[in-house]
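*Asks:* Can you build the whole structure from these sequences, using the hints too?
Okay, here's what each chain looks like letter by letter:
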Amino acid sequence: MRPGGVLAAGLAVGSVAFTLVAVVGLYRLPDLYARAHATSKADTLGALLGLGAAGVALGGEGGVKLALLAVFLLATAPTAAHAVVRAAHDQGIEPWTRGDGRARDPDAEPGTGPERESDGGADG
Amino acid sequence: MDALLLAATALVLLGLGALPRLVRGPTVGDRVVAVNALGTTTVVVIALVAAALEEPGFLDVALVYALLNFLLSIGLAKFAVERGGVL
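Sequence order for the protein chains is P and R.
If you want the working numbering, it's the position in the first sequence, counting the first as 1, plus 167.
If you want the working numbering, it's the position in the second sequence, counting the first as 1, plus 10.
Watch out, some of these pointers could steer you wrong.
[To be verified] When the alpha-carbon atoms are kept at most 25 Å apart in a straight line, the in silico SDA-like pairs for lysine to any residue are as follows:
id	chain 1	residue 1	chain 2	residue 2
1	R	K88	P	E228
2	R	K88	P	G172
3	R	K88	R	T37
4	P	K208	R	V22
5	P	K208	R	G67
6	P	K208	R	L81
7	R	K88	P	G230
8	P	K208	R	L32
9	R	K88	P	P262
10	P	K208	R	G85
11	P	K208	P	L241
12	R	K88	P	G259
[To be verified] In silico contact screen, one side only, chain R against chain P (beta carbon under 7 Å); selected entries:
id	residue
13	L24
14	G39
15	T50
16	V54
17	L58
18	Y75
19	L81
20	G85
Since the hints were made in silico from the structure, they are not lab data.
Yeah, the Cβ is synthetic: ideal placement off N, Cα and C, and Gly gets one too.
*Replies:* Written out as structure tokens, the structure reads:
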């Protein structure tokens with residue numbers, strides 16, 4: 168084992184732990200917004216730790232590519248989550264709240280909420 | 011390195027854990043979020059295997075996979091809304 172082997176193993180364990188948090192959140196949280204919240208943060212941190220483990224173990228030539236990959240993931244994972252959540256919001260999917268009467272069932276269909284004001288006018 | 015391969019195995023199993031959300035949905039957004047999480051995990055698995063086998067060439071595959079994963083999410087988000095301004 169190389170000198171950095173212990174450090175790499177520790178980073179890999181952290182990566183697995185944060186990815187486990189993300190998957191549990193994806194499975195248990197009540198609606199799309201909470202799930203995107205869980206995966207966009209915990210999964211990104213888990214991925215960065217995993218890439219760090221690979222970089223420590225590989226060193227040298229692969230390190231530059233891994234740093235590039237880490238910066239790319241750090242920029243794109245929250246952006247993708249933002250785009251998906253915004254698309255869902257534009258479709259009129261209401262976030263789950265404690266008082267709105269819907270059951271806290273992770274597989275329940277989301278409510279679409281009150282009808283948004285249409286761009287046609289009220290008269291007619 | 012055995013520790014890295016072990017971590018890669020655990021990440022593969024965790025990625026499989028995201029599949030029930032992919033199947034059940036219930037909305038398109040839930041599925042896109044699940045696919046995105048699965049893709050991120052896959053990128054890390056590829057990087058860990060590259061480090062474990064000491065093959066830096068595998069990192070190019072991981073880079074392209076990350077790019078495609080991002081484009082998939084943006085594309086599906088744009089496809090889901092008619093006017094398309096999601097960013």
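*Asks:* All the hints need checking, so say for each whether the structure fits it.
*Replies:* Hints, verified against the model:
1. Of the supplied pair hints, the one linking R/K88 and P/E228 is violated, its CA atoms being roughly 37 Å apart against a limit of 25 Å.
2. Restraint check for R/K88 and P/G172: the C-alpha separation of about 43 Å exceeds 25 Å, so the hint is violated.
3. Restraint check for R/K88 and R/T37: the C-alpha separation of about 15 Å stays at or below 25 Å, so the hint holds.
4. Pair hint P/K208 plus R/V22 holds up; C-alpha atoms about 19 Å apart against a cutoff of 25 Å.
5. With a C-alpha separation of about 28 Å, the suggested pairing of P/K208 with R/G67 is violated against the 25 Å cut-off.
6. Distance restraint check for P/K208 and R/L81: the Cα-Cα separation of roughly 19 Å lies within the 25 Å cut-off, and the hinted pair is therefore satisfied.
7. A C-alpha spacing of about 34 Å is found between R/K88 and P/G230, which places the hinted pair above 25 Å, so the restraint is violated.
8. Pair hint P/K208 plus R/L32 holds up; C-alpha atoms about 19 Å apart against a cutoff of 25 Å.
9. Restraint check for R/K88 and P/P262: the C-alpha separation of about 20 Å stays at or below 25 Å, so the hint holds.
10. About 21 Å separates the Cα atoms of P/K208 and R/G85, which keeps this hinted pair within 25 Å; it holds.
11. A C-alpha spacing of about 10 Å is found between P/K208 and P/L241, which places the hinted pair at or below 25 Å, so the restraint holds.
12. Simply put, R/K88 and P/G259 have alpha-carbon atoms about 15 Å apart, close enough for the 25 Å limit, and the pair holds.
13. Given hint, R/L24 at the interface with chain P, holds; its Cβ is 5 Å from that chain's nearest Cβ, closer than 7 Å.
14. Hint status for R/G39: holds, given a least beta-carbon distance of 4 Å to chain P, under 7 Å.
15. Annotation: interface hint on R/T50 holds; nearest CB of chain P at approximately 5 Å, less than 7 Å.
16. For the restraint placing R/V54 at the interface with chain P, the shortest Cβ-Cβ distance is roughly 4 Å, inside the 7 Å limit, so the hint holds.
17. With a least beta-carbon distance of about 5 Å to chain P, the hint placing R/L58 at the interface is held under the 7 Å criterion.
18. Here the hint on R/Y75 is broken, as its CB sits about 10 Å from the closest CB of chain P, past 7 Å.
19. The criterion of a C-beta within 7 Å of any C-beta in chain P is not met by R/L81, whose closest approach is roughly 9 Å, and the hint is violated.
20. The interface hint given for R/G85 is violated, since its Cβ lies 9 Å from the closest Cβ of chain P, which is over the 7 Å cut-off.
Of the numbered hints listed earlier, those contradicted by the structure are 1, 2, 5, 7, 18, 19 and 20.
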